[in-house]
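Engineer: Hey, can you work out the whole structure from these sequences and the hints?
Residue strings, one per chain:
There are 2 protein chains.
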Amino acid sequence: MTSVGLRVSELTTPAFLVDKAKVETNCSNMIDTCKKLGLKLRAQTKTHKTIEGAVLQTGGSKRGLVTSTLQEAEFYATHGFDDILYGYPFIPFHLPRVTELTRRLEQFHVLVDSALAVDTLAKASPPPGKAWSVFLKVDCGNKRAGVWWEEDGGVDLAVRVWEAAGVTLAGLYVHCGDSYHAEHHDKDTSNAVAGAGDGGKEGEGESAGWAEGPDKVRDQTIERLLNFAGRVREGGVVCPTIGIGSTPTCSRPAPNMNQLTELHPGNYIFCDAQQVSLGSCQVSEVACCVATRVIGHYPHRNQLLIDCGFTGLTKQGMDQLPGGCCIFKDHAHLRLSKMTQEIGFVDDANGDQLEFDKFPIGSLLLLLPWHSCATAAMYSVYHVMVEDEVVDEWRPTRGW
Amino acid sequence: MTSVGLRVSELTTPAFLVDKAKVETNCSNMIDTCKKLGLKLRAQTKTHKTIEGAVLQTGGSKRGLVTSTLQEAEFYATHGFDDILYGYPFIPFHLPRVTELTRRLEQFHVLVDSALAVDTLAKASPPPGKAWSVFLKVDCGNKRAGVWWEEDGGVDLAVRVWEAAGVTLAGLYVHCGDSYHAEHHDKDTSNAVAGAGDGGKEGEGESAGWAEGPDKVRDQTIERLLNFAGRVREGGVVCPTIGIGSTPTCSRPAPNMNQLTELHPGNYIFCDAQQVSLGSCQVSEVACCVATRVIGHYPHRNQLLIDCGFTGLTKQGMDQLPGGCCIFKDHAHLRLSKMTQEIGFVDDANGDQLEFDKFPIGSLLLLLPWHSCATAAMYSVYHVMVEDEVVDEWRPTRGW
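Protein chains in written order, with the numbering used here: chain B, 1 to 400; chain H, 1 to 400.
For the record, the hints were derived by calculation from the structure and aren't laboratory data.
Be a bit skeptical, because a hint or two may be false.
[To be verified] Below, a list of computed lysine-lysine pairs in the PhoX-like style, where the Cα atoms sit at most 25 Å apart:
1. H:K130 / H:K40
2. B:K358 / B:K329
3. B:K358 / H:K143
4. H:K358 / B:K143
5. H:K35 / H:K62
6. H:K20 / H:K62
[Said to hold, decoys possible] Covered stretches of chain H, going by a simulated chain B footprint (3 or more residues, C-beta under 8 Å):
7. 11-19
8. 80-91
9. 142-149
10. 244-250
11. 338-344
12. 391-400
[To be verified] Counterexamples of contact, computed for chain B against chain H with all Cβ distances above 10 Å:
13. K22
14. G166
15. D215
Built from N, CA and C at the ideal position, the CB exists for glycine as well.
Structural biologist: Given below as structure tokens:
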């Protein structure tokens with residue numbers, strides 16, 4: 001049963017809504033940013049995992065993606081996409097599926113950061129007429145996967161890829177994940193708080209060395225990556241692609257980016273309250289929200305209950321915002337203070353008396369989530385909206 | 001493609017595993033507990049949302065469930081279950097689906113805690129030959145949904161149900177959700193920490209008034225509920241069922257429980273690290289885990305990476321346990337310190353040097369989750385295991 005044609009007031013809640021105009025604008029803006037910089041855009045699909053989203057991200061070309069799971073890569077391959085990077089450290093267990101994708105696609109790339117990965121590929125035969133196309137993941141202080149940029153072992157691994165039979169070095173890849181834990185940037189922060197961290201826990205201690213927010217992360221990452229690329233090239237290795245990603249860094253075009261060849265942000269397609277708090281976007285650019293209904297009034301504790309618990313939003317970002325872990329659209333004074341599996345507990349952020357008659361049982365509230373990648377992952381369908389009418393449904397792939 | 005017959009080492013990871021023997025024992029133990037107390041068991045299905053799990057919970061009778069979503073109620077109705085309570089505050093928007101379930105089932109019950117809900121049912125016609133069967137939700141200090149036990153308005157609402165045309169009062173229902181935030185119970189806590197809260201945030205301040213853990217929550221809830229029931233009955237209202245739920249309270253049979261008529265716990269089917277920390281079960285009784293693979297060694301920061309990020313576990317319970325938000329089976333010294341969408345970052349809990357050769361790339365680790373309801377919700381299939389072989393697949397329903 002399709003929801004197309006329904007009004008938001010007719011949808012079962014909680015429901016994940018995508019604003020058609022905003023999502024199109026977010027995608028075309030990132031395409032324009034890359035065009036102006038002379039860089040290729042290799043869009044990360046993990047935020048949405050849909051066909052329709054990836055068509056927008058590639059400007060209709062269906063070429064140039066990076067995925068977070070093999071499942072996504074296979075999904076996009078099946079739907080006519082090509083030039084896909086499985087942007088995750090390759091392990092030998094994945095060889096059969098990686099072999100099949102290499103066979104099916106004109107350009108399928110894997111990511112490596114270990115000698116074991118390179119040697120596994122070198123020992124295996126690529127499909128007839130193909131070579132293994134490999135990106136080397138580099139850690140430029142970002143503390144994710146990747147070879148450490150300062151260590152010679154990383155350069156040695158690039159050489160190992162370069163010299164391995166049947167293996168092609170496609171390029172170098174960095175994810176600036178630490179830009180999510182950098183200090184607050186002062187752009188549009190009317191709904192944001194300083195020092196945003198992902199879930200309030202994992203960011204601790206990660207910003208050591210980054211003093212000036214995502215700009216500094218971006219600049220130091222580029223400087224270190226170019227240093228690493230220079231040392232790789234000194235060994236006679238040809239390294240066609242050099243790219244960085246993350247929405248906080250890629251939403252800040254800077255002149256030094258022209259020394260790269262590609263960018264691979266992902267979250268920008270939807271954005272979220274976290275991106276607002278990092279200065280990557282304005283509240284008005286957030287292209288997704290969760291629709292939820294008021295299910296009860298509890299005046300003896302000055303509280304509303306809504307039908308959005310952690311299965312509808314996740315607990316990520318709890319206490320990061322005045323609104324709890326979300327921004328209540330048109331009701332900035334509301335705060336999601338607690339969630340159980342299917343229920344959200346809403347207080348007044350300032351401790352004022354709630355005006356219950358303004359929130360009748362059954363009425364709708366719209367929540368801009370802290371982390372749209374996490375929230376979208378809770379839904380099997382996204383309702384694409386023009387104003388308050390559903391005009392399309394996007395169905396993401398899930399699993400690994 | 002079925003996973004039945006595969007070894008755990010052949011599964012795509014992350015994977016959600018259910019131990020067949022343990023899940024059967026957990027279910028039969030709760031049935032026995034209720035039998036000994038002379039109480040009916042109305043099992044909550046929200047932890048697993050599967051047919052097979054509900055068959056075990058009902059001892060094969062397929063009678064006597066409480067669900068957290070309408071989707072679950074419809075799923076179970078379609079698969080031959082009956083005597084189902086949709087254990088969620090009824091709102092008028094749900095009337096069409098509630099009507100259809102009332103028509104289909106011999107016994108379908110809804111939960112109310114507002115005059116609006118009661119009046120909506122009273123004004124609507126139940127299906128031919130049926131009455132609306134209603135449980136009144138009561139808040140006995142548990143701070144979830146429900147009428148406040150001390151207030152006369154709650155008693156008035158019970159009378160309103162009793163007197164409404166076409167409406168039957170099935171009973172009183174309390175969820176002891178606050179038992180998750182009560183003080184630590186001293187049972188088997190070798191892997192547990194004191195003062196466990198759900199996510200470290202939402203429990204704050206909730207245990208005010210509960211001094212001695214889940215036992216105290218149970219006893220005070222029962223005392224208050226019986227007080228409320230007495231006041232309801234004084235008005236001439238017949239109230240057949242009086243029940244409480246939550247695994248921490250129901251895993252502690254106590255003499256005063258024989259004044260109730262039913263229990264409705266749910267998490268006990270799987271249990272999890274949170275239940276261990278609350279003293280509801282032992283580590284050996286936890287019937288589910290996540291299988292994950294080592295994907296990289298990062299000796300320059302003394303860290304392993306695994307292929308289980310927040311889409312495979314959720315971030316709930318972060319920093320609640322020595323193992324982060326999970327218990328590493330057979331490796332108590334490991335700690336899941338951080339998660340991105342698809343990657344977990346594993347440190348030594350004591351800051352000791354990791355022995356990387358004990359955790360080769362591709363090797364498996366098993367994680368007992370902090371909150372199995374949340375972790376299970378991330379999977380579309382559960383692999384049911386006898387030792388290390390998959391013997392069955394359970395496929396949960398999702399959505400609302």
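Engineer: Now, for every hint given, state plainly whether the structure supports it.
Structural biologist: Against the structure, the hints come out as follows:
1. In summary, the hint linking H:K130 to H:K40 is supported, as the alpha carbons are separated by about 23 Å, within the 25 Å threshold.
2. Proposed proximity of B:K358 and B:K329 is supported: the alpha carbons are some 14 Å apart, at most 25 Å.
3. Taking the CA atoms of B:K358 and H:K143, the gap is about 22 Å. The hint holds against a cut of 25 Å.
4. Annotation: proposed proximity of H:K358 to B:K143 holds, straight-line Cα distance about 22 Å (limit 25 Å).
5. About 17 Å separates the Cα atoms of H:K35 and H:K62, which keeps this hinted pair within 25 Å; it holds.
6. Distance hint between H:K20 and H:K62 is fulfilled; the C-alpha atoms sit about 19 Å from each other, no more than 25 Å.
7. Check on the segment 11-19 of chain H: 3 of its residues sit with their Cβ under 8 Å from a Cβ of chain B, so the three-residue criterion for coverage holds.
8. Check result for the segment 80-91 of chain H against chain B: holds, 3 residues qualifying (beta carbon to beta carbon below 8 Å, three or more required).
9. Counting residues of the segment 142-149 of chain H whose C-beta sits closer than 8 Å to any C-beta of chain B gives 4, which meets the bar of three, so the coverage hint holds.
10. With a cut-off of 8 Å between beta carbons, the segment 244-250 of chain H has 0 residues touching chain B; three or more are needed, and the interface restraint is violated.
11. Counting residues of the segment 338-344 of chain H whose beta carbon lies closer than 8 Å to any beta carbon of chain B gives 6, which meets the minimum of three for the stated coverage.
12. Requiring three or more residues with a Cβ within less than 8 Å of a Cβ of chain B, the coverage given for the segment 391-400 of chain H holds, as 3 such residues are present.
13. Non-interface status of B:K22 relative to chain H is upheld: no Cβ of that chain comes within 10 Å, the nearest being about 22 Å off.
14. No beta-carbon of chain H is positioned within 10 Å of the beta-carbon of B:G166; the least distance is around 21 Å.
15. Consistency note on B:D215: stated as away from chain H, and its beta-carbon is indeed over 10 Å from all of that chain's, at 22 Å minimum.
When held up to the earlier numbered hints, the structure conflicts with hint 10 and nothing else.
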